[in-house]
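Chain residues, written in single-letter form:
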Amino acid sequence: MKKAASVLLAVVVLGVAQVAMAQNPAVNTTTIRAVKAESLSISAAVVPDFAINAGGAESTQAENLAITTIWNLTPSRSKVDVCAGASNLVPASALTNPDTISASAVQISKDSGSSWATLNAGAGCNTSNVTVVNTYNLTAQTDRKSQTKVDTVQLKLAGLPANLQADEYTGTVTVYAYVQ
Amino acid sequence: MRHAIAAVCLGVLMCALPKPACAQSLTISANQLMFLLNQDPTPPQTLTITTTWQQASSDQLRVCLYMTEPMVGSPGNPTVISATSVQVNGIALGVGNGKPQCGVHGAQLISNTVVNGVGSRTDTPSVRLAGYPTTLEVDTYTGSINLVAIAY
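As you go down the protein sequences, you meet chains P and S in turn. First residue of the first sequence: 115, per the working numbering; consecutive thereafter. First residue of the second sequence: 151, per the working numbering; consecutive thereafter.
It should be emphasised that the hints constitute simulated quantities derived from the structure, not laboratory data. The beta carbon of each residue, even a glycine, is placed where N, CA and C say it ideally should be. Misleading hints may appear alongside valid ones.
From the derived model, a few chain P residues whose C-beta atoms are all more than 12 Å from chain S [to be verified]:
id, residue
1, 142
2, 144
3, 145
4, 151
5, 157
6, 165
7, 180
8, 185
9, 189
10, 226
11, 231
12, 268
13, 270
14, 275
15, 282
Heads up, incomplete: computed chain P residues facing chain S, CB under 7 Å, no partners named [what the hints assert, rightly or not]:
id, residue
16, 140
17, 184
18, 186
19, 259
20, 263
In isolation and in its complexed conformation, chain P is listed as follows:
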């Protein structure tokens, strides 16, 4: 009889302890997330005016185009392309001067004037009629995180018609940054 009472006591105590462990304290977790978003921007400095001599087929000199690209990208990104393209240059006196300078006259050099190519002759940055100015391969965290890059190329006008009317011609260079 004494033995039976001890067994009963053990069963009761074990049962109570199990309930206590299962219910009190109650614990749980909830997830907290924070997102630092990517950023990518590009800008270009104003290109100084080109001078064209009367009857000249080219601008008298090349001018620098400085392109600044700033990014902060996720670890999954592998490269950033920087591209540039030009529009036609239209005269200030468009109502009376029908001449234009074709975008194909805008030439680019990426090697300080050693070689030249038509700015709009290629494709890149997920668009056409551009030149890929530079490609940045992103292999390390330092390549992706808070980067500022400046690419300086040279532009000139070439293949101009000899009979181009004297005027001020204005066009636009568009710069692109494309991340993959």
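Since the structure of chain P is already known, use the hints to place chain S on it.
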């Protein structure tokens, strides 16, 4: 006589057990939170904590929060958001008031009420991220807030 001794022993042992043994059920849960790291501190968000109970007696119910690990990003990203940058009602988690709450050292006490019978309560502390590193890599950072409800 033997029965009387056994009954006394049982009573002594039951009393020696911690009072939480009397809790019949107790649960705690909360919503998830997501912050955009475009300003420091971030705008606060409400953490809605729901605690339910079924108590046999009148008990003190405490609800606490704490973090033990920082918020981490993708594999290979060495930058983290420390638990001390997670502020609840303006106080950094993982710091608390220096003494144990809800049986956890460094936990932050959110509420302390008397409960009885069957019921539930909702606590809505304000959570924000403050003082996180400016050098954080662009990424999604994930961590866990631990929730504790204890009746005693």
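Here is what the structure says about each hint:
For residue 142 of chain P, the non-interface assignment is contradicted: its Cβ lies about 5 Å from the closest Cβ of chain S, within the 12 Å cut-off. Not every CB of chain S lies more than 12 Å from the CB of residue 144 of chain P, the least distance being 4 Å, so the non-interface label is violated. Consistency note on residue 145 of chain P: stated as away from chain S, yet its beta-carbon is not over 12 Å from all of that chain's, at 5 Å minimum. Not every CB of chain S is more than 12 Å from the CB of residue 151 of chain P (nearest about 7 Å), against its label as outside the interface.
No beta-carbon of chain S comes within 12 Å of the beta-carbon of residue 157 of chain P; the shortest separation is about 20 Å. With a minimum CB-CB distance of about 44 Å to chain S, residue 165 of chain P clears the 12 Å threshold, and the non-interface call stands. In this structure residue 180 of chain P is separated from chain S by more than 12 Å, as the shortest Cβ-Cβ distance comes to about 26 Å. For residue 185 of chain P, the shortest C-beta to C-beta distance to chain S comes to about 9 Å, within the 12 Å cut-off, and the non-interface label is violated.
The claim that residue 189 of chain P lies off the interface is violated: its Cβ sits roughly 5 Å from the closest Cβ of chain S, which falls inside the 12 Å cut-off. The claim that residue 226 of chain P lies off the interface holds: its Cβ sits roughly 34 Å from the closest Cβ of chain S, which is beyond the 12 Å cut-off. Against chain S, the non-interface label of residue 231 of chain P holds: every CB pair exceeds 12 Å, the least being about 34 Å. Look at residue 268 of chain P: its CB is around 33 Å from the nearest CB on chain S, clear of 12 Å, so calling it non-interface holds up.
Residue placement check: residue 270 of chain P keeps its beta carbon more than 12 Å from all beta carbons of chain S (closest about 38 Å). Separation of residue 275 of chain P from chain S is adequate, the least Cβ-Cβ distance of about 49 Å exceeding the 12 Å criterion. Interface exclusion of residue 282 of chain P from chain S stands, the closest Cβ pair being 43 Å apart, more than 12 Å. A least Cβ separation of about 4 Å between residue 140 of chain P and chain S falls short of the 7 Å threshold, and the interface hint therefore holds.
A distance limit of 7 Å between C-beta atoms decides the matter here; for residue 184 of chain P the minimum to chain S is near 13 Å, and the interface restraint is violated. The beta carbon of residue 186 of chain P comes within 5 Å of a beta carbon in chain S, closer than 7 Å, and the hint placing it at the interface holds. Evaluation of the residue 259 of chain P hint against chain S yields a held restraint, the C-beta minimum of about 5 Å falling below 7 Å. Among the interface hints, the one on residue 263 of chain P is violated; its C-beta lies about 16 Å from the nearest C-beta in chain S, farther than the 7 Å criterion.
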